[in-house]
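Listed below, chain by chain, are the residues.
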Amino acid sequence: MADSKYFSTTKKGEIHELKEELASLDRPKKKEAVKKVIAAMTVGKDVSMLFPHVVNCMQTEDLELKKLVYLYLINYAKTQPDLAIMAVNTFVKDSQEPNPLIRALAVRTMGCIRVDKITEYLCDPLQRCLKDDDPYVRKTAAVCVAKLFDINPELVEDRGFLDMLRDMLSDANPMVVANALAALQEIQEISGKEVLQITSHMLFKLLAALNECTEWGQVFILDALVSYQVQDSKDAEKIVERVLPRLQHVNSAVVLSAAKVVLRMMEEVRSEELVKVWSKKMGPPLVTLLSAEPEVQYVALRNISLIVQRWPSILANEVKVFFCKYNDPIYVKMEKLEIMIALASERNIDQVLLEFKEYAQEVDVDFVRKAVRAIGRCAVSLEKAAQRCISVLLELIQTKVNYVVQEAVIVIKDIFRRYPNQYESIIGQLCDNLESLDEPEAKASMVWIIGEYADRIDNADELLETFLETFPEETAMVQLQLLTATVKLFLKKPTDSVQRMIQLVLSAATNETDNPDLRDRAYVYWRLLSTDPEAAKDVVLANKPVITDDSSQLEPALLKALMEQISSLASVYHKPADTFVSRQRLAVQTVDTLAAARSFAEEDVAAAAAAAPQATGNGAPAAAAAAVSSAPVVDLLGEDLLGDSTPAAAPAAPAATPGGLDDLLGGLDVAPAAAAAPPAAAPAAAAAAADPFDLLGGMAAAAPAATAAAPSLPQLLGGEKGKGLTVYGQLKRVGGRVVYQLHVNNGSATSVDGLMLQVNNNSFGLAPADQNVAVGTLAPGARGSAAVPMAYNPAKLAQGPANMKLQVAMRSNQLGVFYWDDNIPLAPLLEEGGTIDGQAFLAAWRGLPQEAVQKLDVTIADVEAAKARLGAVNLFVLAHRPVPGTGQDALYVTGRVFGSMQVLLELRLMRGTPGVDVSFKSERQELAAAVFAVVRSSLT
Amino acid sequence: MISQFFILSPRGDVIIRRDYLGNVPKTSTETFFRTSKFYKAGDEAPPIFLVDGVSYLSVKDGGVHLVATTRDNVSPSFVLEFLKRISIIIKDYCGSISEEAIRKNFPLIYELLDELLDYGLPQNTSTEALKTFVLNEPTVVAPPASLKPLFGLSKGPTGVFKSVLDTNRTDGKRRDEIYVDVVERLAVTFNAAGHAISSQIDGSIQVKSYLAGNPPLKIKLNDDLLITRRDGSGYAGGGGYGGGSGFSAGDYAADSSLVILDDVNFHEVADLSAFDTERCISLVPPDGEFALANYRTSHALRLPFRLSIATEADPASDHKALVRLRLWCDVPADKAASGLEVELPLPGHVARVHCEVDAPGSAALAGWEFSDKTHLLRWRFKKVSGGMDLSMRARLTLTKPFGASLRTEVGPVNLKFTIPMFSASRISLKYLQIMRKDRNYNPQRWVRYVTSSNSYTFRT
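The listed protein sequences correspond, in order, to chains B and L. Numbered by UniProt numbering, the letters in the first sequence go through residues 1 to 940 in order. Numbered by UniProt numbering, the letters in the second sequence go through residues 1 to 460 in order.
Rather than coming from a laboratory, the hints here were simulated on the basis of the structure. Among the hints, erroneous ones may be present.
What the hints assert, rightly or not - Which stretches of chain L does chain B cover? Using the computed rule of at least three CB atoms under 8 Å from a CB of chain B, they are:
hint, region
1, 9–18
2, 63–77
3, 114–123
4, 288–297
5, 352–360
6, 401–415
Stated by the list, open to error - Here are the simulated lysine-lysine pairs, PhoX-like style, with alpha carbons at most 25 Å apart:
hint, chain 1, residue 1, chain 2, residue 2
7, L, K400, L, K60
8, L, K131, B, K370
9, B, K45, B, K29
10, B, K796, L, K26
11, L, K131, B, K31
12, L, K26, L, K40
13, B, K400, L, K373
14, L, K40, L, K373
15, B, K31, B, K78
16, B, K575, B, K193
17, B, K575, L, K40
18, L, K26, B, K45
19, L, K382, B, K400
20, B, K78, L, K26
It should be emphasised that the depicted structure is a prediction, and the values quoted were computed from it without experimental measurement. All C-beta atoms in this analysis are idealised placements derived from N, C-alpha and C, irrespective of residue type, glycine included.
Pulled out of the complex, with its shape left as it was, chain B reads as follows (with noise of 0.2 Å):
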């Protein structure tokens, strides 16, 4: 049996037949056809219009189609709940089979439905299971505490379920045990409360525990005993005597999470004598962990760079096992270079440093340079290895490769400034590759170098001449350097060529440059030099405080917080949890929150009401439950077709009149804004009021809000080239995805079905996630609406400059095929949740080129209600500051294009007055008109 065939491409109709097969009375056909809907799934198609088909298939007596329909409910019972009732019935029936595969299925499944609805159903099967004679039934069961918990906490706590989780810990089978702790932790976690305090006695059970778990309950318990306050030496020793075999064990997070039992009561204990016989027992596993896959080597190497910053005896003897094999990925190589140099010492450092001048000639550029930047940073924290180190950079010198020698010139530097006055012999030779330095910061060193020895450096003003050429087109960097070394140049050797050279950068500082740190250090130094000379000696060329390599080193209390945070993510990003951990977790859906969500759903309505009587013969609660939801699916549906597309009520009415259907539409185009929908017009109309240079603008907002109320979508397929059928319809964002609103007019005289869509290459990678137009078939003069899902298709994205056409087929079995051109809006593809933080914005407002500017014409008064439209929109202000000295206002606002694109936008504006500068950035400049479109029509 080759299940690969399921992924086949849809072909039409294909839902279709997936319903019949579904209700096929033929049991491995219906098996089929679920596993159908599966892969469907899998693929990131929509099968949600199929919910009432497979929930039917529900009971039944085939497990493993039982497994099959539960895992397509956990997928789907959140957009459909009011449907997900109907399956309650089933899933306590289950509850309480014989079979405990089943009855662990049951209570699994039915704390994966996050709708709140549920959960009251929930309580009763789980307080079963959770004392159930099975061990298998009790493990699944505590978790389900923790799922319920995260949708209804009150719940939980009500009935009692947290103390019998604390029971569980107690139980005979360590299965149940560890899952009753990830459990604890985790509602720990989510409530941020204590609901899990380890005393003495839970310590005792957990630690005889440890040796019965499976790896993973093992992983567990560690990491709660790390939480536990030890009352004294003793308690610790206890608790490192039980942990340390662990350290052996074959599972690398085990080894790490036993670590760090240990390194916490290291801190714990007093005795120097335990710490050293502890260290002694850490060495060997972390040494064995990089024996493991790269990946798992690249997690030791980031939490080992931190222990050897607290600890470094653990691993002072073995630096050999951390030189890099000519093969290593470079995520592995940079890590063990940073360990090497924290590991390095006098007494190993020429084998250190024969490896880092073997790595100095590779060929990755990045470790090449940290190679060479290893060497340096070895010779200023290691003052007796400092001349050996020297050597081998002077020997990569030799070698001219452009890259190595520039970096060399920037270690250098360093080893001066580290050792003042001891190895300025070696300034020649570097003084022979002046023409190979290109980059700011090597420029800046050797400038630097160069001013502070200007006296020992016969052609220093010839030397510093040459960099002056160029002192325009300079870095700031290069700029203030070399404004610094003339003015040394100068103190030290006050000829005349020098004095010429001192004006002149003074001069082209002062008034040639719009950098003010420049200007005003040339100020500074100016005034020194002609006010008293003397001084200006005792300024700069004072002694400057001697430099200790600390790059790497991280501050004491990071440290601290990072050593307890071990074997966690945090020690593998070097930053405490909080700056990356924010618990959200999905808002449990309810069924007024979806009505957003529920686009396309006219198909379900149908099925609903079909499957909603069906639903009676389970009993009662479904059919209770289902009484209760229909009146809200009837509701919403009717407000989501009206907002969506055709209106539902007035059907009949259009179909009556065939003939005078586009009249109709056109009307309505018009309409809306005046008429059709005064209550959304009215606050448009009063903005426009206040400003009465705006009317056209105000229409414009008005627009969009009776698009709301009302179809008025444009035309798109028409007359002649429509062979009778007309199409309207638009890009539009609906629940958080792009969908193609269609409206189809039926004008043919034939019946019209198997409607489907596709589109042309792109510039946005949109394509339909579903090519079903799902209008069904449409008589002649009917008319059907559908809302085509739009995905992110790579395979679609058209290379070359951003525009925003779209080329649009539409097959249908009768008339063929039909082609059209659509413009893509951009404010649709704007996506919720597009906003990065302040950080990011700033380091990608820096990294992207020039920016589009447009002056906008629209006033905007109120600030807050600007940052509100804009947000409205999908497009996030990270941040408002007054502009100094303007009276301005200054927003930074960002936004994701569909397509993962980052827009960054900077707002000026003059709040009541009319004007608001745009500044625009972003990796594809050709969307900056598009993006004015949207600001100006959210601001208007």
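Got chain B; can you put chain L on it based on the hints?
Okay, now just chain L, sitting in the frame of chain B:
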């Protein structure tokens, strides 16, 4: 915990997807693929990265990406180990892991995932225990030829593609067999003078069991095996498995008859009560593949290759140079290295290369190639037996005149090879007993050794 688990094909298509917590957007599959594919400046993406508050953890196996996403501060090695375990379980049940194997078995894999992960928390991950819960029949898929590693190049036993569910068969086609593989990966660096300056073996005893009814096993290793930790810097001696006697390697290093391991860890099924005295491990092997023991050592290695390299000017032309390599294969004559590759990086100013090879007849040269882009010169040999001696000459045409610095710019030489039935550490299985007293029960037992290069480098 784990928010989502998904498997992506080499082209980024989703083949398996489960969402557990619902707090990570569905587009995460694309975000992952794009971020890892276009990691900065073409560097290989690390196995863990953070995008928009979501951490992506992934391993790659059989060409597919197994990915977990989370918003919590989880233990990363926990998640990575778990992903690795999933890939082993897929291999155990489907015979191999590849896009095809997963697509053909997706209901089975969803069924397994149901048991493996609940609410993002790992549950039962033993291949053996999972059998109870699985109803789907596997479709066994052998890996595509392009992905099939040479025997032993990957860490696990290869060449066996069958599902553990086979042991449930009662139709008479069942074959009881057990494979015990000693797999060693060598990392050796030689300095320019030809001395090994660092050498390490990462070894593993891999068991792959298809024995119905799981009879107990007894495995005996060399008597002269010594497990120790280095003593010189104050490490307390002691067995790597906890406790043990106070050997110090220094005393024994000179005695080459000993097999010395620096550290060993054992799978939890191993019963080590007779290990201290007899070097015997008793176990009841669970179905499927697992590492009975992992070890590492840097002692008394048998290094299978030595090499010398010389770069000299061509007296006839100052735009030519000659590189001579001589390679000795130091394994016993009845063993042979397969798939030997000798890789030599050359400096950027080498325009053309012409090669000649002197090798005994059976060590047929499979070919040589020089890539303008990567500046790598590569020789490939099909089979090189112990005791053979190969000479390679490369005539380089340079774009600038020969300089002495060329000598340091050529190299380092990197070797790739696999030597079946050879263990560099000399560790060996003295016997493998299946403890079932039944005259008719005689399952097949396969004990194999393989040593392959992890990183075998000669500096110049």
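Please write out, lowest number first, the hints stated earlier that are contradicted by the structure.
-> Hints 5, 7, 8, 19 are the ones this structure does not satisfy, whereas the remaining hints hold.
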